[in-house]
Amino acid sequence: MINFPTQLISLIPALPLVGFLLNSAIALAWARRRKAGPEIIPSVIGCLFPIASFVLAVWAFLTLKGMEEGASLSSGPLLTWLDVPLVSVDFAFLIDPLSSVMMLVVTGVGSLIHIYSIGYMKKDDGFARYFSYLNLFLFFMLLLVMGDNLLVLFVGWEGVGLCSYLLIGFWFTDPQKAACGKKAFVVNRIGDFGFLIGLFLILYAFGLQGQADGDPLSRSFFSYSYLAANKEWLAPLATAITLCLFVGATGKSAQIPLYVWLPDAMAGPTPVSALIHAATMVTAGIYMVARLGFLFALAPFTLQVISCIGLATALMAALIGLTQFDIKKVLAYSTVSQLGYMFLALGVGAYSAAIFHLVTHAFFKACLFLGSGSVIHACHDQDIRNMGGLFKKMPVTATTFLVSTLAIAGIPPLAGFFSKDEILWNTFLYGSWPFYGVALFTAGITAFYMFRLFVTTFLGKTRHPHPDHLHESPWVMTIPLIILAVLAAVGGFLGVPEVLGGHNRFHHWLAAVMPPSVGHEGNPALELGLMGLSTFWALVISLISVALYRRNLNWPAVITERFRSVYNLVLEKFRVDELYDALIIRPIRVVSEKFLWKISDEKLFDGFLVHGWTDMAGFSARVLSRIQTGLVGHYLLYLWVALVALLIFTVK
Amino acid sequence: MEFINNHILSIIAFFPAVAAVGLLFVPGEQKKLLHRLGFVIAAIEFLFSLHLYFHFQDGSLSSFQYIENLPWISVWNVRYFMGIDGVSLLLILLTTVLTPLALLGSFNSVSERVKEFVIAMLVLETGMIGVFCALDLFLFYVFWEVMLIPMYLLIGVWGGKRKIYAALKFFIYTMAGSVLMLVAILYLYFQAGQTFSLLELYEFRLPPAAQLWVFSAFALAFAIKVPMVPFHTWLPDAHVEAPTAGSVILAGVLLKMGTYGFFRFAMPLFPDALATAQPYLVAVAVVGIVYGALVAMVQTDMKKLIAYSSVSHLGVVMLGLFALEPTAVMGGLYQSLNHGVSTGALFLLVGVIYERTHSRAIAEHGGLAKITPWYATVFLLVTFSSIGVPLTNGFVGEFLSLGGAFQTWRTAAIIGTTGVILSAVYMLWLVERVFFGKEKIPDGAHLSDLNWREVALFVPLLALIVWMGVYPKPFLGKMERPVADLMGQMGMEGIDQGQGTRDKGPKALGHWSLVTGHWSNK
Numbered sequence: 001m002i003n004f005p006t007q008l009i010s011l012i013p014a015l016p017l018v019g020f021l022l023n024s025a026i027a028l029a030w031a032r033r034r035k036a037g038p039e040i041i042p043s044v045i046g047c048l049f050p051i052a053s054f055v056l057a058v059w060a061f062l063t064l065k066g067m068e069e070g071a072s073l074s075s076g077p078l079l080t081w082l083d084v085p086l087v088s089v090d091f092a093f094l095i096d097p098l099s100s101v102m103m104l105v106v107t108g109v110g111s112l113i114h115i116y117s118i119g120y121m122k123k124d125d126g127f128a129r130y131f132s133y134l135n136l137f138l139f140f141m142l143l144l145v146m147g148d149n150l151l152v153l154f155v156g157w158e159g160v161g162l163c164s165y166l167l168i169g170f171w172f173t174d175p176q177k178a179a180c181g182k183k184a185f186v187v188n189r190i191g192d193f194g195f196l197i198g199l200f201l202i203l204y205a206f207g208l209q210g211q212a213d214g215d216p217l218s219r220s221f222f223s224y225s226y227l228a229a230n231k232e233w234l235a236p237l238a239t240a241i242t243l244c245l246f247v248g249a250t251g252k253s254a255q256i257p258l259y260v261w262l263p264d265a266m267a268g269p270t271p272v273s274a275l276i277h278a279a280t281m282v283t284a285g286i287y288m289v290a291r292l293g294f295l296f297a298l299a300p301f302t303l304q305v306i307s308c309i310g311l312a313t314a315l316m317a318a319l320i321g322l323t324q325f326d327i328k329k330v331l332a333y334s335t336v337s338q339l340g341y342m343f344l345a346l347g348v349g350a351y352s353a354a355i356f357h358l359v360t361h362a363f364f365k366a367c368l369f370l371g372s373g374s375v376i377h378a379c380h381d382q383d384i385r386n387m388g389g390l391f392k393k394m395p396v397t398a399t400t401f402l403v404s405t406l407a408i409a410g411i412p413p414l415a416g417f418f419s420k421d422e423i424l425w426n427t428f429l430y431g432s433w434p435f436y437g438v439a440l441f442t443a444g445i446t447a448f449y450m451f452r453l454f455v456t457t458f459l460g461k462t463r464h465p466h467p468d469h470l471h472e473s474p475w476v477m478t479i480p481l482i483i484l485a486v487l488a489a490v491g492g493f494l495g496v497p498e499v500l501g502g503h504n505r506f507h508h509w510l511a512a513v514m515p516p517s518v519g520h521e522g523n524p525a526l527e528l529g530l531m532g533l534s535t536f537w538a539l540v541i542s543l544i545s546v547a548l549y550r551r552n553l554n555w556p557a558v559i560t561e562r563f564r565s566v567y568n569l570v571l572e573k574f575r576v577d578e579l580y581d582a583l584i585i586r587p588i589r590v591v592s593e594k595f596l597w598k599i600s601d602e603k604l605f606d607g608f609l610v611h612g613w614t615d616m617a618g619f620s621a622r623v624l625s626r627i628q629t630g631l632v633g634h635y636l637l638y639l640w641v642a643l644v645a646l647l648i649f650t651v652k
Numbered sequence: 001m002e003f004i005n006n007h008i009l010s011i012i013a014f015f016p017a018v019a020a021v022g023l024l025f026v027p028g029e030q031k032k033l034l035h036r037l038g039f040v041i042a043a044i045e046f047l048f049s050l051h052l053y054f055h056f057q058d059g060s061l062s063s064f065q066y067i068e069n070l071p072w073i074s075v076w077n078v079r080y081f082m083g084i085d086g087v088s089l090l091l092i093l094l095t096t097v098l099t100p101l102a103l104l105g106s107f108n109s110v111s112e113r114v115k116e117f118v119i120a121m122l123v124l125e126t127g128m129i130g131v132f133c134a135l136d137l138f139l140f141y142v143f144w145e146v147m148l149i150p151m152y153l154l155i156g157v158w159g160g161k162r163k164i165y166a167a168l169k170f171f172i173y174t175m176a177g178s179v180l181m182l183v184a185i186l187y188l189y190f191q192a193g194q195t196f197s198l199l200e201l202y203e204f205r206l207p208p209a210a211q212l213w214v215f216s217a218f219a220l221a222f223a224i225k226v227p228m229v230p231f232h233t234w235l236p237d238a239h240v241e242a243p244t245a246g247s248v249i250l251a252g253v254l255l256k257m258g259t260y261g262f263f264r265f266a267m268p269l270f271p272d273a274l275a276t277a278q279p280y281l282v283a284v285a286v287v288g289i290v291y292g293a294l295v296a297m298v299q300t301d302m303k304k305l306i307a308y309s310s311v312s313h314l315g316v317v318m319l320g321l322f323a324l325e326p327t328a329v330m331g332g333l334y335q336s337l338n339h340g341v342s343t344g345a346l347f348l349l350v351g352v353i354y355e356r357t358h359s360r361a362i363a364e365h366g367g368l369a370k371i372t373p374w375y376a377t378v379f380l381l382v383t384f385s386s387i388g389v390p391l392t393n394g395f396v397g398e399f400l401s402l403g404g405a406f407q408t409w410r411t412a413a414i415i416g417t418t419g420v421i422l423s424a425v426y427m428l429w430l431v432e433r434v435f436f437g438k439e440k441i442p443d444g445a446h447l448s449d450l451n452w453r454e455v456a457l458f459v460p461l462l463a464l465i466v467w468m469g470v471y472p473k474p475f476l477g478k479m480e481r482p483v484a485d486l487m488g489q490m491g492m493e494g495i496d497q498g499q500g501t502r503d504k505g506p507k508a509l510g511h512w513s514l515v516t517g518h519w520s521n522k
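Protein chains in written order, with this note's numbering: chain A, 1 to 652; chain B, 1 to 522.
Calculated from the structure, these hints are not laboratory results.
Incorrect hints may have been included.
[What the hints assert, rightly or not] Straight line, CA to CA, 35 Å or less: simulated DSBU-like cross-link-like pairs of lysine-lysine: (1) Lys161(B) - Lys603(A); (2) Lys573(A) - Lys231(A); (3) Lys603(A) - Lys32(B); (4) Lys35(A) - Lys440(B); (5) Lys598(A) - Lys31(B); (6) Lys122(A) - Lys370(B); (7) Lys440(B) - Lys461(A); (8) Lys123(A) - Lys393(A); (9) Lys461(A) - Lys183(A); (10) Lys438(B) - Lys598(A); (11) Lys304(B) - Lys32(B); (12) Lys122(A) - Lys161(B); (13) Lys177(A) - Lys573(A); (14) Lys32(B) - Lys594(A); (15) Lys598(A) - Lys161(B); (16) Lys32(B) - Lys183(A); (17) Lys393(A) - Lys122(A); (18) Lys304(B) - Lys594(A); (19) Lys177(A) - Lys438(B).
[Stated by the list, open to error] According to the in silico footprint, chain B covers these stretches of chain A (three or more CB under 8 Å from chain B): (20) 171-180; (21) 262-270; (22) 351-363.
Ideal placement from N, C-alpha and C gives every residue a C-beta, glycine not left out.
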C-alpha cells in the first residue's frame, strides 16, 4: 500500500469546505429565482465530498496503523494565522491515533447521515441550503479534531456551534425553532467564555514562567506538542486552566449546568440531531479533555469535578428520559446521559474507555436517531403515544432500532456492553463505591427507558390515526440504518477486554497518546463477576420494561399517580429552564431595560449630565436676558450700582 | 513621478476636496451623474491609497513614512507636517474603502440636494485622511475641525425626523471636547518651546502634575469621540438620525478618530498621566463593554441597537489600548479596523431594508429570511463577524485584545470577555426577530431582494471580513512597529518603574529588533 502523503492531509477538511461553497452557491441561486432545481445536484455534491474525505481518512488511518507506535502524520504549518508578541499560531493538522479515530467517526458516520438526508429532506424548500450547512459542519468538525493546536481546535469548536445554530433553526419560519437555535448558540457561548479564559490562562502561565526565566517576552504556542513538552510550566495554574476549559466542555457536550440547550436542539431536522447532537459535535468536550489528558492529569481536583458532574448529569438526564413522550426528546436526554458517562470515565482517568464509548455511542445513537427520523418521516408525528405497532409496517427501521436499543442497554455482545462495562469497571477500580453504584443504577434506567421507547413505538397495536399511510422508508434511508446497526452490533469487538480473551485493541491503539489509566490493576475474577452483575442487571431491567409496556400493565400509571408531584417535577425536566429564566435571564433583561437604558442612560447620562449642562446654559441665558429690558432707566440704574460698587471696592 | 512620490500624502488627502470643487460645475439636476461621479472619485481615491499600501516599507528605520514637512505659518512655527506609520496607513485604507461604499449605498436613498451631499462626503474624506496624516498638532486640529462640519451637515440636512436636534447635539458635544483639547495643545506648545511638531513633542515631557491636566483635556475630547461611557449619548441620536452614508462613516471612521487620538497623542505624549489614570481608564473601558451590550440588548430600533453595540465594541478596543500590553494594543487597533468594516456593513444593511420598508423598528419586521434570502445571508455573515466567530475578523481582534489585556489586567479582561456572550445575545436576538418567524411587513412578499448594486456593496466587505479573519498578518504586521514605538514611549520613564502596569508590556522596546523588524523570539 502506498503511504498516505502528508501533503494531502489538508484535503480531508478542505473537501467538505468545497462542498459547502458549491452547495451554498446553488442554494443562493435557487433562492434568488424562488424555485428549487433538481435535488440530484446538491445531493451528489453534498455526499461525494464527505465520502471522499472518509476514503482519505481511512487511507490515513491504515498508513498510521502500519507505522511504529507513537508515530503521527503532520501537515506542518500551512499558514501562519496569528503572529503577535504574545503568541504564535499556525493552521496545521495532525493525525495521530486519537484524531484518526475521531476522523473516522466524523467522516464515516457523517457520510452515512448525508446519504440518509437525501431521503429525509426530499422536497424540502431548503434542500441545497441544508446540504451546504451539513458540509460546513463537517469542515469545522474536522478542524476541531485534526487541528494540531488548541486555537485551531477552538475555531472548529465555535464553528460547529455556528452550524448547529444554523441547523437547529433550519426551519426558521417557525419562531420557536429559531429561538431554539439561538438558545443553543448563546448557551454554548457561555461555555466558550470559559474556554477563552482557559486559553488566556495558558498564555499567562507561560508568561509567568518566562519572567521567572528572565525572558519576559518568550512567545507562547498552543500546539499540543509544545503544551505537552512544557506542561510543568502550566502546572501551577493547571487546576484553574482545566476548570475553565471544562466549562467550555459543559457547554459543547451538554453537561450540568449548561445542558439545557440540547433537548431544545431537537427542533432541527432529525439527521442533524443524529450527526451533530448525538454522534459528533457534542462529543467535542470529551475529545478536548482526552486530547489535553496530560494537562488534566496535573489537576486531580478538576478530574474529581468532571467525574461528579458527569455522574450527576448521567443520572439526572436518564431520570428525565424516563418520563418523556417525544421520541426525539427521549433520545436527547439519553444522549446527555451517555455523555455524562463519558465524562465520568474521563474523571476517573479512563481516557481510552471514554473515547471507546464515544465511538460505540456514535454508532448506536446515530442509528437510533435516524431510526426515529424514519418513524417521524412515516408518522409525521413525534409523540410515542400516537405510535405503536410499527414493527410490521417498518421492519427494517424497527429491527435496526432494536439492535441499537440492545446495544445502548448494555446487552452483550453488542457494542454498548463493552464500552459501558469498561467505564463501570474503571469506576469501580477508581475505588468509589457510591460512584459505581450510581453508575450501575443509571445503566439500569437507561435500559428501562430505551425499552419503554422501543415497545411503545414498535410493538402492540398501532395508535396512529391513519395506519394505512404508514410505510417503510426508501432504501436511501434504510441502508445507512442497516450499516449503523451492524456497527452498533459488532463495534464492541474493537475493545474486547482481556478477561474475555480479547486484547482490547482500541485501548492499545490510543495508549501512545493517552495518559495511562489512573486505576489500579484489578482482579480478573472480580472483573468477570462485576461484568456478570451488570449484564444481569441490564437484562432484568430490560425484561421488566418490556413486560410492563408490552402487556400494558397499568402500574406505570399507578406509580405516576402515587408520586404525582415528583413525577411532574421530572416530567417538567426539574424546571431548570424556568429556574434559569427567573434567576438570570429575566433579571438581566429587566435591569437592562428599566434601569440601564431608561434611567441610567436616558435620565442620568443624557438627561442630567448632557442636558443638564445645556439647560444650565439656557437658564443663565434667560436670566441674563431679563436684564436687557430696553428701558433707559434700568440701564442708568445698573450704571449707578456699578459705579457705587466700583467706588466701594477701589477707594479704601 | 518624483513630485508624486514626494507629495503622495497631500495628493491623497486633498484629491477628494479638489475633485469636489470640480463637482460644483455639474448642474444640480444631474442627480444620477453626480452620484456616479462621487463614487468614481472615491474609487479613484481608493486606488491612490493602494499606492501607499504597496510602497510602505515594513522594515523601515523611521517610524513615519511618506513625510512632507514644510513651513506653514512661520510666525507660530506651525508646519505642514504629514507622515504616516502602519496604524495611520490602515486607518486611511479603511477610510478610502468605506467612503466609496457609503456613496454607492446612497444612490437611491439620497435624492435631495445630491450635489451638496456628494461634496460634503468628499470634503469629509479629506478631513478624515488629514487627521490620520497630520504630525503637527495645529494641523491635526485643523483637520479635526474640518471633519466636523460636513458630518454636521450630513446629519442635519439629509437626516431623519429629529435631524436638527441630533446634528446640534453631535456638533456641540464634540466641540466641547475639542475646545479643551485646543487649550491643552496651546499649553503644550508654549511649555515645549513653541513647537507643534509631534516628533519633537514626543521627546518633551511635562512634569507629571501638569501632564495629568493636559492629558485629561485630550482624553476628554477623544473619549467623547470614541465614545466611552458616560460620554456616549450623542451616538445613538446621531446614528438614528443620520442618513445611511453618514452612519457608515460615523461608525466606520469617525469613532476611530478617538481611538487613534489616544494612540497617537494622548497616550505617548503623557505617559506619567496615563500611568496614574490607567486603572480608571481600564475600568471605564470594561464598563463600556458590558453596559453597551446590555443596553443594546433591549433596544427596539435597529440603528440604535447597532449604535449601542458600537459602544460595547469600542470598549474592547479601548481595553486593549489601555492595557498597555503589546499584543493587547495590536488587538485593540485591529478591533477598531474590524469595527469599521463590520459595523459599516451593518449600517449599510439597515439602510437597505429602510429603503424598502421605511421602518427601522425591529418589531415591525420578521421572516425576512424567507422573502429576501440574499439580504438575510449577508446580514447573518456580518453578524458572525460582529460577534467574533473564528475565521472572521472579529475573533482575531477580540482574542488578541482581551487575551493581551488578561496578561496585565486579569479581572478587567475577564469581565470584558463576558461581552463575547452578550454580543451573541443581542445580535442573534436581532437576527431572530427580523429574519426568522412569520413575516410582519404588510405586503411583505413584494419586498425585493438585494439588487446587483447592493451586492457589489457587500462583496468587498465580506471579503475583508474573511481575509482579516483568516490571514491577518499583513495588517498585524503593519502595527508591530508603531506599537513598539508606543511601548517605547511608555517605557522611557514612568510606567515601567512606576505604579501602573504590572508586568511585561513596557519592556518590549529592548527586544525590538530594528534589523528584522520583529520582536525577538527566543
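Q. Taking 8 Å as the C-beta cutoff, is the stated coverage of the segment 351-363 of chain A by chain B satisfied by three or more residues?
A. Contact hint for the segment 351-363 of chain A vs chain B: violated, 0 residues under 8 Å.
Q) CA of Lys177(A) to CA of Lys573(A), is that 35 Å or under? A) OK: Lys177(A) and Lys573(A) at ~19 Å, within 35 Å.
(Q) Given the hinted pair Lys461(A) and Lys183(A), is their Cα-Cα distance within 35 Å? (A) violated (38 Å)
**Q.** Given pair status - Lys370(B), Lys122(A), alpha carbons within 35 Å
**A.** Holds, at about 19 Å.
Q.
Tell me if the straight-line CA distance from Lys598(A) to Lys161(B) falls inside 35 Å.
A. With Cα atoms ~21 Å apart, Lys598(A) and Lys161(B) stay inside 35 Å; holds.
(Q) Run the distance test for Lys32(B) versus Lys183(A): straight-line Cα separation, threshold 35 Å. (A) Between Lys32(B) and Lys183(A) the Cα gap is close to 46 Å, so the pair fails against 35 Å, i.e. violated.
Q) Taken at face value, is the distance from the CA of Lys598(A) to the CA of Lys438(B) at most 35 Å? A) Holds, at about 29 Å.
Q: Would you check the hint for Lys598(A) and Lys31(B), treating anything up to 35 Å between C-alpha atoms as holding?
A: Roughly 42 Å separates the two Cα atoms, so the pair is violated.
Q: Three residues minimum, CB to CB under 8 Å: does the segment 262-270 of chain A make the cut for coverage by chain B? Let me know.
A: Violated, because only 0 residues of the segment 262-270 of chain A bring their Cβ atoms closer than 8 Å to Cβ atoms of chain B.
(Q) Just to be careful, I want the Cα atoms of Lys440(B) and Lys461(A) compared with a cutoff of 35 Å; is the pair within it? (A) Answer violated: Lys440(B) to Lys461(A) is near 45 Å, above 35 Å.
Q. Hey, Lys161(B) versus Lys603(A), does the alpha-carbon distance stay inside 35 Å?
A. Given pair Lys161(B), Lys603(A) holds - Cα atoms ~22 Å apart, limit 35 Å.
Q. Within a Cα-Cα threshold of 35 Å, do Lys304(B) and Lys32(B) meet the stated pairing?
A. Between Lys304(B) and Lys32(B) the Cα gap is close to 30 Å, so the pair holds against 35 Å.
Going through the hint list in order, the structure does not satisfy hints 2, 3, 5, 7, 9, 12, 14, 16, 21 and 22.
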